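Student: These are the residues of each chain, in order.
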Amino acid sequence: MTTPLAHPSVNWLAISPELALAAAGVAIVMVRSVLRRRINTTPLCAVLGIAGIVAAGAVEYRLWHDLRHHQAITTVAGMVRVDLFGVYLGVVVLSATILALLLSVAYLQREQLDAPEYLALILLSAAGMLIMTTANDLIVVFLALEVLSIPLYVLAAFDRRRLSSQEAGLKYFILGAFSSAIFLYGVALTYGATGTTSLTGIADFLSKNTLLDQGTLLAGIAMLLVGLGFKVAAVPFHMWTPDVYQGAPTPITSFMSAATKAAAFAALLRVFGVAFPLYRTDWRPAVWALAVLSLVVGSVAAVVQTDIKRILAYSSIAHAGYILIGFQTQTSRGREAALLYLFVYAFMTIGAFAVITVAGQRGDDHHSLDDYRGLALDRPVVGGLLIFFVLAQAGMPFTGGFIAKLEIFSAAAQANQYGLLVIGVLAAVVAAFFYLRIALTMLTPGPDSPPAANLLRRVDVWSGIVLLACAALVLVVGVVPGAFVHWAKDATFLL
Amino acid sequence: MTVVLFFLFAGLTLAGALGVVLARNPVHSALFLVLTLVSVAVLFLLQDAQLVAAVQIIVYAGAIVVLFLFVIMLLGVDRPDTFEEPLRFQRPVALSIGAIVLAEVLFLAGHRWATGARTARGIGVTGGAFGSNIQRVAHVLFTTFLWPFEITAMLLVIAVVGSVVLARRSGERPEPIDESTP
Amino acid sequence: MTARDLLSLAGLIPLLPLVGAAVLLLWGRRLGSPRAGWLATGIVFASFLWSVVMFAALLSLPPAARSHVSLVWTWLPADQLRVHIGFLADPLSITWCLLVTGVGSLIHLYAIGYMRHDPNFGRFFAYFNLFAASMLLLVLADNYLLTFLGWEGVGLCSYLLISFWFERRTAALGGKKAFIYNRIGDFGFMLAMFLLVVKFGNLDYTATNHAAAHASSGTVTAIALLLFLACVGKSAQVPLFPWLTDAMEGPTPVSALIHAATMVTAGIFLICRAHPFFDASPDTMTVVAWVGAVTALGAGTIAVLQPDIKRVLAYSTISQLGFMFLALGTGAYTAAIFLVIAHAFYKGCLFLGAGSVIHGNAENQDMRTMGALRKFLPITAAAMVAAWLAIAGVPPFAGFWAKDDVLSGDFFSHHYATWAIGVAAAVMTGVYMTRLIFLTFFGNERFRDAPTPAVSGGSDDDPPDVEAELGYDPDYLPTVVYGEPPRPPRLEGHDPHESPWTMALPIALLGALSVVGGLLNLPLRGVTWLESWLDPVFHSVHQPAPSTFVKGGEVTGIAFAAGLIGIVAAYALYRHGLRNPADDPMRDRLGPAADVVGHGYYYDDGISAAVDGPVRAGADFLDEDVDQGVIDGTVNGTARLIRRVATEFGRAQDGFVRRYAVGIALGAAAILLYLIAFAGH
Amino acid sequence: MPGGFPILTAIIATPLIGAVVVALLPSRRPEILRAAGYGFSAATLALTCWLLANFSTTNVFFQFVESHSWLPGIGSRYIVGVDGISLFMVVTTALLTPIGLLASERYPAERPKAFIVFFLLLEFSLLGVFLSLDLIMFFLFWELVLVPMYFLIQGWGHGNRNYAALKFFLYTSAGSALLFASILILAFIHQAHTGVLTFDYRVLSAWSWHGLSLTTETLLFLGFMAAFAIKVPLIPFHTWLPDAHTEAPTAGSVILAGVIIKMGAYGFLRFSFELFPHASVNLAPLLLTLGVIGILYGAIVAAMQKNLKRVIAYSSIAHMGFVLVGIFSLTVLGLDGALFIMLSHPLTTGALFLVVGMLYERRHTYEISEYGGIWRSAPVLTALFLGAMFAGIGLPGFSGFIGEFLSLLGTFVSRRPWAIAGAVGVILASVYMLWSFQRAFMGKPSAVVHGLKDVSVREVVVVAPLLALSLFLGLYPGSALQRIEPTVKRSIVNLELKTDFREKRPAGYTATKLPRGVTSNESIQLGLGR
Amino acid sequence: MIGSFHITPSYYLVLGAALFSIGAVGLLVRRNVIVMFMSIELMLNAVNLTFVAFAKALNDAAGQVLVFFTLVVAAAEVAVGLGIIVAIFRRRRAATADDLRVLEG
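Chains as they are written, first to last, in our numbering: chain A, 1 to 495; chain B, 1 to 182; chain C, 1 to 681; chain D, 1 to 530; chain E, 1 to 105.
Any given hint could turn out to be false.
As the list claims (entries may be wrong) - Some chain C residues close to chain A (C-beta under 8 Å, calculated; not the full set):
(1) Leu491
(2) Tyr571
(3) Ile642
(4) Ile664
(5) Leu666
(6) Tyr674
(7) Ala677
What the hints assert, rightly or not - Calculated cross-link-like contacts (lysine to aspartate or glutamate; reagent style EDC-like; alpha-carbon spacing at most 16 Å):
(8) C:Lys375 / C:Asp495
(9) D:Lys306 / C:Glu624
(10) D:Lys306 / D:Glu367
(11) D:Lys444 / D:Glu496
(12) D:Lys453 / D:Glu361
(13) D:Lys306 / C:Asp620
(14) D:Lys444 / C:Asp475
(15) D:Lys444 / C:Glu469
(16) D:Lys513 / D:Glu496
(17) C:Lys375 / C:Glu498
(18) D:Lys306 / D:Glu370
If you're looking for bench data, these hints aren't it; they were derived computationally from the structure.
Just so we're clear, the structure is a prediction, and the values are computed from it rather than from any experiment.
Glycine included, C-beta positions come from ideal geometry on N, C-alpha and C.
Looking at chain A on its own, in the form it has when it is part of the complex:
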């Protein structure tokens, strides 16, 4: 006596961005294994990857337009929920992915790394991130977390010539596995407390039932917060960040900092916003503390760092703090701010890492400030762009960085979170120090210019596109922010 399996209905359009990326990734692996080593497969693989991303992007574009007039699409047995929020962050992820991919092409050749697997892993990781942005179930969130993380472990350790790369991979792996175990425990406890892992199901259950005993649920919420806090690099779960960002190949660092952050925040915002809004009085103070700690530690610790990638790693921790402010307010303006911030941050940080990729010497291991001495004098455009990107991250007016911070602080002010607001603005001042320090170093002539031969290398077309795109977007958002803010606002609407 069996009941026939009732196949869940599938809205293929809704899940095709993920599928496109996964397909592209698999295709690259296939190309690699079929063609072996007969021709240089890198351009082909890159084109395949770009095609996948573009296809995914086209679908997201279509979805965005569809969803502006319709309800969110819930499909595959309620496990996927495609709404403007998901599409928005999906676009951020896809943007970060394509930029990182473009950035990688020349890098891979310079560093003589195996391109196909590398590209495939990026695409698969990005697919995981897209899954994350539309996940409507804790177990999907968990699996997406793994899908996006495991390729990153590999990619971080990808450069076998550098011990630092492998060390980064291992550290990331150990801590990632540790935190995802904690996350999973949180899933289990939540499941026990509510009887379901579906986000909407949890919300539904909690709104209809009053728990006599909230202990299990609270413990579950705490564990979930820890797991996602790790991914967004919030203090005190941040300690992997500097080491991994420094050790990983630079394009991967840029990908991690932009895309992973977006995906992790997608999960954080969605899980806590959809499943546990009723418990916000309980978890908001914890998020408050995470935000404050991230701001303080991220901004302060970077002050004495000498490795530029490490500085940016700490700064990404601080940025996570700002986004957490938006999250913490639990208002629509706060979400809007967090979304805009993620969007702008992606371009600011990829832009900065792009310059580091381009200006770095072969071996990708010379990123101390001393190696960048005089860069802006020797190569005004490249150095100037890095200065621009770091100043944008510092919140310079008329850059996207300022608008993003403005939105975040507005949200804090509107939500009467004056403490966060003041700590936030003061942390920005401290952070300005190390951003300026980078600028200052690049404007100070070195004793001599040893890397001159290397420095005078031309920027390849792919990286050039990345640099230009990032700079243009950061500037455009800063000068005419209206549309971007509007889109972010739309994306919060259906949450």
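Given the coordinates of chain A, assemble chains B, C, D and E onto it according to the supplied hints.
Tutor: Chains B, C, D and E only, in chain A's frame:
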């Protein structure tokens, strides 16, 4: 009967776990891990989770632990570790955090663990006309959890590609220049 | 053209020298010596002529109508305050205009000769003209603010001219000192103006002088006292007098024009201009009188022991200014103005003469190494003797009449204490002036003694042509202060020589004026010209009546006798000159008091010590300990603190992955703990 | 003039366009770059002259207002307008920029392109600060000022430039941070009460005086004050200034002293008064005290400096003390004086910095002890310094005197003890300036100083206009005051309307009134509804 | 007496929590990377135990299904993790996590 079995295997589980943590030789740790895994599988059986118990034995004990042992042997690290702790306060801190987290979870959850609605999605572990444990699990897995199931496929692809990339002898490129060690 | 139309052009009086100054500033170097000098002199003389025209125009009006205000433009229109660039032509201002331009053109003329070798000849005359313009603006202004403009302008010129030989360290310091002391007075001036605006909403002399009568006594006293502070600064009264002696570092024509004849009398002018406030405040008048009296006696005593001819004259000027304030303090405005005029004549003459003597003695200013110069500088000697008698109060010279007006007025207004001090000061006047004349022109020749080369200064690494280039030796510090050994003569075998006619003529003319100046205001009914001329200004005031030939002869006699005693005493001491330049008989007579008096009661030394000591230490403390230490230290300390915390963060990030895991676990434990403690409530 | 030529946008945009154009020009031909720099800055100056000529002296509200949507989600708009408070700051900025560029023609010589670009960007941001009427826009420009200034100090400064540039940036942005927070809090409190989210300064100031509790108002005032006090700078928030001044290149110092530190005073006048009238009135004694401390402390510390630029830097602190005192005298006279100093101080201090910069070009040091006897070797240069010095220490006839006189007079009218203490600063000013002058310019020239070249025609052209303007304003201040005063009166009247404050007036003066035809309501709304 | 004593799901859950803690502590105190991985496996097993216990308690087969996903994730992690270790071992004969600290600060 279940009481006895529970306490027996619960004890074995914990003993195995402690063994994993405390054994100096990684090989011993792996063997203790097997003990724990098997004990957990028995506990699964005690809770009407036959399929999961079987898979636990097959996948974990059969595949994962073997993989561990394989790597241990491959790398030749089957020597006993020193138990010196170079990090100050690491052990007391770790122990106390472990104890505190345990206490906190127990305090929070200790009164009433499962507060969720029973048979939330219609198919229970027992009861109802859903057939055997395998059928029940399969039913849930291929309907409700179809999307996660597909994702696991992707995960496995990733694991394969990743392991290949990592484990590949760098034959096509010059041997890596070893860096100075700290 | 009516008289009033003419008076509307009173602005020309300051404008002419202002234009001259501008021309000389821009093209003075090109004009060079002596053309620049002639231009400047001519302009000031033209200004004098125009002043005479103004004088005549005023005379043509009935006495009660002898006041004309001409507004040029609204200078400061703020809120409901309106301050104009406007000129008030009345007997008081025109008197000063005549004095400034008249004596001024003589001194300009003198300077053509005195400065003829100076490479910065043009600049000198630019300053000189600018000074004249400022001084004329000061006196012609129709409101306080414009007077203040002139007031500061003369201060500026004084600064520039004292420091004219700025390579000379003492000159640089002297100019600065003068300006700063003056600024202390200006502080009072500004506060007085503030108070005037607050109480009367106005800064015009006419309006405020009318309003003064109706104001509360507190207001009037405050305004008067603050104005008096300004006057004390400008006119070098106790306690703000030390700058005037250091002002002697400037070229001698400067000392004559600015620091004797004109600028220093601005204080007297201001009190006369604002007299209703002083009239209405007897307390202030008492203060003025006492300050004047104390200054007169104090400076007079100091002058007695000075070896430097210019410094004697400087202290003398302070002392004479004290007499003037004494007069003002008794309400004897006319007497004060009379003394101003007489003083301008004889002190101008004395300074110019002293300049001539110095010039003729190769820049030696030490009287102890002069003597018997009358043979070599006959014109100078004659004029100075006349001026000596005038200042000492010997009838019928100008000083006699003027000083008699002051002292007898004082006596008859029952201020016996200040009168007594004034008489004592008159004795001192006789002493130091006689000493000066006899040490310089009579007695033994001491300028040939000790034919050793100059010892002061003169470092060897200097380029040899410095003196030729600058027109003076910057290392030679001519001023001799009490206590220094006598300066060796610098003639190096030459004889002293008389000055050229451009210098001699003004000396002679001023000498002559010192003789006849008393005619301005003889104590005879009908010939008190000055008094009747000034009457429209002071008609509301009951001025104390000085003695006349009819009345109060005994008071006059006492004053005269006092002067005579001084003269005789000094004559007794110095008629043979000095036996040894290092031995001053006066010093021996005074015994231990000599050092105190000679050092100016250690007043200036005390201030210098305080400024160099505690004041500078205090400022240093503020700069180094407070500003750099505490305040900036806090700023940098904050940065350091952040750095230290950052380093600690970095240390925690020590690379051990297990440590990082502890961080995660700790975070989890903390969140759980928080939920246990606070959640669900 | 609605619908007319957008003059203010043109003024703001011209230097920006100039910066972009210069950035795009090839850097091989510096003379073309310089010509472009002169051209664009001169064009800006010409536009501001047109503005000056067409500025109505009867309109007490904002003129030439433009308003465009910018960031609708947040309610921030691009609103620009000019009134008597900002007019002369705009003119000064536009005047000092070409002069600064001209002064930098020879030195610093390296990287002229970047220098000109940053300088024009600086002008752009400063003009934006003074013309913005939207708080977010204002803050944007306020922060943006730091960036080009930072690069100017860092890139073309002297010895310790990195430290100075960083300190300048961080210290001032620490203050700005609190300003930013306060702006947001203010706007969102407004939104919470009225439902309207706007950063329009006019709307907020028409509401805040009755919409905020006294505590909130005071706290927000302090938040705004943090930024303004550091910028002014008030003691004890001043230590960035001597360092920044000393290390900045000449043109940078000119702008820094001439315009940037005025931003703080401008902020007090523009924002603190209208937005937080009660707090402004209540805290006036505190700010007066700080102002007086600034006057005295700045002067005393200036006297002890061994570096010419530091002397001038501390003197700027003292001068800004006069501005503060004038502002918080809360009288028409005092405000007139404060605004007049804000107009005059750039001229005199600018001239001083320019002359000192010329000395640096010749001798590469600012240490007073390295000089001595300059007068003899460079008489014209000395004359320029002398002129600037006396103009600066408030010699009547120059503009500095008018400002100090009015500001102290206003203070004397309302709070006598402060005015008396402040007037002591007049004495001290002469002490430190004359002492420095004596040490650096008088005395015998050393062999090195002896060879000092006197100024070139270009250098005279750089300084002379400033001194001439200072003289002109000193003798005919009415030309500026008639444009300043209507706005000042509006500010005072608004304070009286919004609080129970009553302006203290000199005897016989009638109460300050709005011009005929302007109602109290309109005044409180800053003419928004007109 | 023994009849009234039931093994409720709570026993399993407490056991799971204890196992989780032991795993966590193991990760913190062991330097051998492979043993650290084993500790993570312990933690995942604890979660599995919890899932199954909840499945029983809630009478919901979904709980058991979740164990499958955990298993797959565990397998994938182990594969990749051991791959990284092997790669590192090729370079350096370092067996402990503590030896890897090129990156710090």
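Student: Now tell me, hint by hint, if it's right for this structure.
Tutor: Hint check:
Taking 8 Å as the C-beta contact cut-off toward chain A, the hint placing Leu491 (chain C) at the interface is violated, the least distance being around 64 Å. For Tyr571 (chain C), the suggested interface contact is broken, since its CB lies about 81 Å from the closest CB of chain A, more than 8 Å. Interface restraint check for Ile642 (chain C): the shortest CB-CB distance to chain A comes to about 6 Å, inside 8 Å, so the restraint holds. For Ile664 (chain C), the interface hint holds, the least distance from its beta-carbon to any beta-carbon of chain A being 5 Å, beneath 8 Å.
A cut of 8 Å between beta carbons decides the hint on Leu666 (chain C): the least distance to chain A is about 6 Å, and the hint holds. Because the smallest distance between the Cβ of Tyr674 (chain C) and any Cβ of chain A comes to about 6 Å, under 8 Å, the interface hint for this residue holds. For Ala677 (chain C), the suggested interface contact is broken, since its CB lies about 10 Å from the closest CB of chain A, more than 8 Å. Of the supplied pair hints, the one linking Lys375 (chain C) and Asp495 (chain C) holds, its CA atoms being roughly 10 Å apart against a limit of 16 Å.
A hinted pair counts as satisfied when its Cα atoms are at most 16 Å apart, and Lys306 (chain D) with Glu624 (chain C) qualifies at roughly 12 Å. Distance check on the hinted pair: Lys306 (chain D) and Glu367 (chain D) sit about 6 Å apart at the alpha-carbon level, within 16 Å; holds. Straight-line distance between C-alpha atoms of Lys444 (chain D) and Glu496 (chain D) comes to about 59 Å, which puts the hinted pair past the 16 Å bound. For the hint pairing Lys453 (chain D) with Glu361 (chain D), the CA-to-CA distance comes to about 10 Å; that is within 16 Å, so the pair holds.
A distance of roughly 12 Å separates the Cα atoms of Lys306 (chain D) and Asp620 (chain C); the hinted pair therefore holds under the 16 Å criterion. This hinted pair checks out: Lys444 (chain D) and Asp475 (chain C) have alpha carbons roughly 9 Å apart, not beyond 16 Å. For a cut-off of 16 Å, the pair hint linking Lys444 (chain D) to Glu469 (chain C) stands: about 12 Å separates their Cα positions. With a CA separation close to 10 Å, the supplied pair Lys513 (chain D) and Glu496 (chain D) stays within the 16 Å bound.
A distance of roughly 9 Å separates the Cα atoms of Lys375 (chain C) and Glu498 (chain C); the hinted pair therefore holds under the 16 Å criterion. Between Lys306 (chain D) and Glu370 (chain D) the alpha-carbon distance is near 10 Å, which keeps this suggested pair within the 16 Å criterion.
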